[in-house]
Amino acid sequence: MAEYKRVEPDLDFIKGVMESGGDTLNRCYQCATCSVVCPLSTPESPFPRKEMLWAQWGLASKVSGDADVWLCHQCGDCTAYCPRGARPGDVLGAIRANAIRYYARPRALAGILSKPSGVLGMVIAGMVLFFVAAALWAKVTGEAFPFPEGYVEYHKFLSVVPIDIVVLPIVGLIAWACYLGVRDFWGDIYRGAGLPLSYNGTASSPSFGILMTRYLWPAIKEILSHERFKKCGQTSERVKGHLWALWAFIILFAVTVYVMIYADVLGNLWPKAGFHTPLPLWHPVKIAGNVGAIMLIAGIWMIKTMRENKTREGILSSSTQDWILIWLIFAVGITGLGAEIIRLAQVKVLAYPVYLVHLGCVITLFVSLPYSKFAHLLYRTTAYVHQHYAEDIRAGKAGFGLEKPGRPAH
Amino acid sequence: MSKKIGLYIYTGDGIADAVDVDKLVELATGDLNIPVVRTHDNLYSPEGAAMVKADIEKEGVNAVLLAGLSPRYEFKDFDFPGVLVEKVGIRELVAWSHPVNPEDENAEAQKEHVQELAEDYLRMYAAKMGKAELPEPYKMEQVNQRILVIGGGVTGLTAALEAAEAGHEAVIIERESELGGHAAKYRKQIPIGPDYSHLADPIVGDLIARVQANDKIQVKTGTEIARIGGVPGAFRASLKPAGTKSEWDAPVPLTDEEKLDENGNELSAEDQKKKYDEKNEGRQDYMQEDPSAEVFGAIVLASGWTPYEPADDEFPHLGWGKNGVVTNWQLEEMASSGQIKRPDGRAVKSIAFVLSPGAKEDDADFPYASAVTSLVALKQAKMFRESNPDGRAYIFYQHMRTPGQYEYFYKGLQDDAGIFLTKGAVTEVKDGAAGALTVNVENTILGEDIAVDVDMVVLATGMVPTTRDEAVVNLAYRQGPAFRDLDLFGGYCDSNFICFPYETRRTGIYAAGGVRRGMTIEESIEDATGATLKAIQCLQAVDEGHAVHPRTWDYDFPDFYFQRCTQCKRCTEECPFGALDDDEKGTPKPNPTRCRRCGTCMGACPERIIGFKDYNIDIVGSMIKAIEVPDDDEDKLRMIIFACENDAYPALDQAARKGNAWSPLVRIIPVRCLGSVNVSWIKDAMSSGIDGALLLGCKYGDDYQCHFVKGSELANRRMENVAETLNSLGMEPERVKLAQIAIDEFDKVPGIINDFVEEIVGMGPNPFKGW
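Those protein sequence lines, which keep their order, are chains A and D. Sequential numbering of the first sequence, starting at 22, is according to the numbering used here. Sequential numbering of the second sequence, starting at 9, is according to the numbering used here.
Next up, chain A with everything else stripped away, as it sits in the complex (with noise of 0.2 angstroms):
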């Protein structure tokens, strides 16, 4: 007897997927032109043909539960090939969009964040919860407000104190969102894959130490390389403006936590040794962060006029959750070259408004970090960790005791 797999397809997944730019799903036929032209697909497990049926036929949980969705660029050769016009690359686009608010905790952040309107309205609460703080600092340290006196110092408006006291409980919750979403996506893709379960019906995972080392840092290594980026076809210019994006933002991620020790710690534990901000100009990291602000602004700028060509020509489409993300990224990058700018021209009026919409920016930017698109680089990082170690699962390298020589993977 055949064993029935009951199917109830989800009507309302169909419809996400449709409306988030995947609208040309239904008119794949499954001549699988799409896996074989694609330049990252692998032939244990091609996709996104399957992805496509899945999708067709409202099953959301196998979508939920297959990498490979993430380890599409998007590149858009399926959807170039594509014999009758369903743009696969477009569709998995459309998925990943839906994964991310499937894994969202809580969901309806991933909603609000999802419309251009909510992430205005964010910009503006962050810029509100930082005018209050501020407010309240200024009452702490007797300078003016909301014009300080003097010479135009950021930290004379808002120091690292209050900044920290807002955006530190911030930074917590969301890590702890990210882990969740990771968490969830790591159990789905690990049953997706059918890799075997532990005897309680658990994902196994590898040890922090291993999974560090023959995992996540070659995947890093891959990423910070685009080396699979770069095999895309068809929007193969795209690698340079999201490669710089990407190396800007390890730069002020640097940056900032050079200025965190240096500021937050050092200088508030000796207030007088004038560990504080700004540093100057011919400062070392000073410079970086210039850069890094330059190399950001100039990368997303150059993915923002690609995207823009590439949906023009018809090789992919884009959704607002692409734009809303490209337009966040600049804004942070334009509103923090600026206030610099405007700091060092001494122009009191502008400079402080425009360093709340910069720290309004950040934090929302760093609020959606697993909310919006800007997910992917949790899920995509996953998913290529997640294809390593499956793969060494099922070379009997690890986990359950498979590494024992000569025991067959199945």
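Simulated from the structure, these hints should not be mistaken for lab results.
List time: in silico SDA-like cross-link candidates among lysine to any residue, alpha-carbon distance up to 20 angstroms:
1) A/K36 with D/K390
2) A/K36 with D/G420
3) A/K26 with D/G455
4) A/K83 with A/G213
Since the structure of chain A is provided, determine the placement of chain D on it from the hints.
Frame of chain A; chain D shown alone:
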């Protein structure tokens, strides 16, 4: 007619290199005594034609023999009124098919063979020219130009409109009380043109309005055919109210079984007659003319189809008989009445369409299903979805057939998020939880065996042609009221699907629409147009006195020498087109306008009393006897090939063109159809010392390719008599063989011929040689 023959030998295209033309001329002017013999190296040109024309005008030539290109090439320049023109393809049959390499050590001997071959062809055709007469067309006194359309659905309506627009009066006979057929009962239909991606509103109302507004079209609803007698150009249709009996109902001949007694012995003629009379009591004899019959020139059969109704115990694994399991036609009726719901009143929120009933064992669709069934499933799924935005429609198919532009229909409906398609084998439909039906499907493209719960299951059953179960046309013909051998096509009304769409085996009656195969409305409209055109062509052919397809150039018709007829009835029974009726005594009554000039009657006649002006027993016999058979040369055996003009002869031409050489020992005589090959020709061949005979014709059987449906099959049956005859003469029956070849199998020609020649050479010479 007193003939003066002119022979024109073409010397181009390698003919002059292959044969000694001077010797041919010598033979023609000498032994063959042909008064005018000319050669030309560019015969098939205006100059060549002018040369022939000059001879006709100045020399009085009235029988022209062109020796050169295959007779299959047509040159209008050589059509001279009142002049018999014959062609022998020595380019293909001699020069191209028998290349000689001068380097070969026996090149001289080979050349001799080729020369003899060419000379034999001249002898054969000179003999033919001596016997053949110029055909004179058969002219009816009056050709009725009205067209009878049987069936008032989309096909019939279109046929009548097309006929009327071409200037013919048309009468539509419709059994139901309303026009429109099934198409009048649809809520939405499959589109008939761009945009193909959406459902269309029914168009049949528009057709009906146009028919009713057309004063050349007469509509008779509630009417059916009692009988149709007569011939193309003058069919006599007796009409009657639908569902009633009439003395003019067509009589039905006894079946083969009915002709036997309880012990399986054939009944005597008298007993058969008695049984026949009993069977047809109250009906007028088929030869009796109904004085009140309406006269028509040609008929378009558009009687359509009926929905397939599964028997009560059919498809038990698909839940047939369960609450909520319906056929596609039942669903269609529900949809047009406005509500899709189950008999138990349960609302329908999900439907599964099952296209193939065979579970895992058989991937065939339902009986009488077609591409239309796939399209209808898509249409119905969409109709359901349009009224149920939250509904789900599953289509489980083994074949999703959406040919041509209908791919856009498929694509368009696929876009609906609530229509789920997968290939798969539906293994079971059973009661599920809470009144639902569970459909189990194996081998789906999802890569799994799946089960879905639905409220309704639709079996995508097929469209049964009306001709499967009844005669419809009710012909008062010797061979009975119905079309013959429709079981070959599952009851669809067709004769030879690939080559001759619309043709039936009754000349003057052209089938269109669902009676011919499952068709959409768009296809039915196109089909009706085609069939109407065929009907009009037929009227034109009858008017001009030539045959209909496939021998449209042929003005000849069979001539019977009745004084010697023995009433054996072979011709009346074997005629593939029912052209022959008979009288009380059983003497055949020819109906020339029903005839398609295949010559099957001629091949059947043991008394050899049937023939054509330019193709008869004597002509072909004389051609055979004209072959020069060396008495005592074992290297020069002679075989004859009767090659069917329709497929075998073109294959020979093509083989020659491609340089596929065959043995020079064979002489080829084209025949209209293997059915026209009379056993007497074989006897002629054997008695004139020819060593073997090969019948080369079309494939027969279920997938027959015979242009006259039965010719090669009949020839094969007659081979038994031939074998008997040969045996009685003390000869090997294997000296006569039948081979089947398709028109595109030119590459097989050398193999078939050379194997046969080798076999005969192995048997040695005909023992009667030299007698």
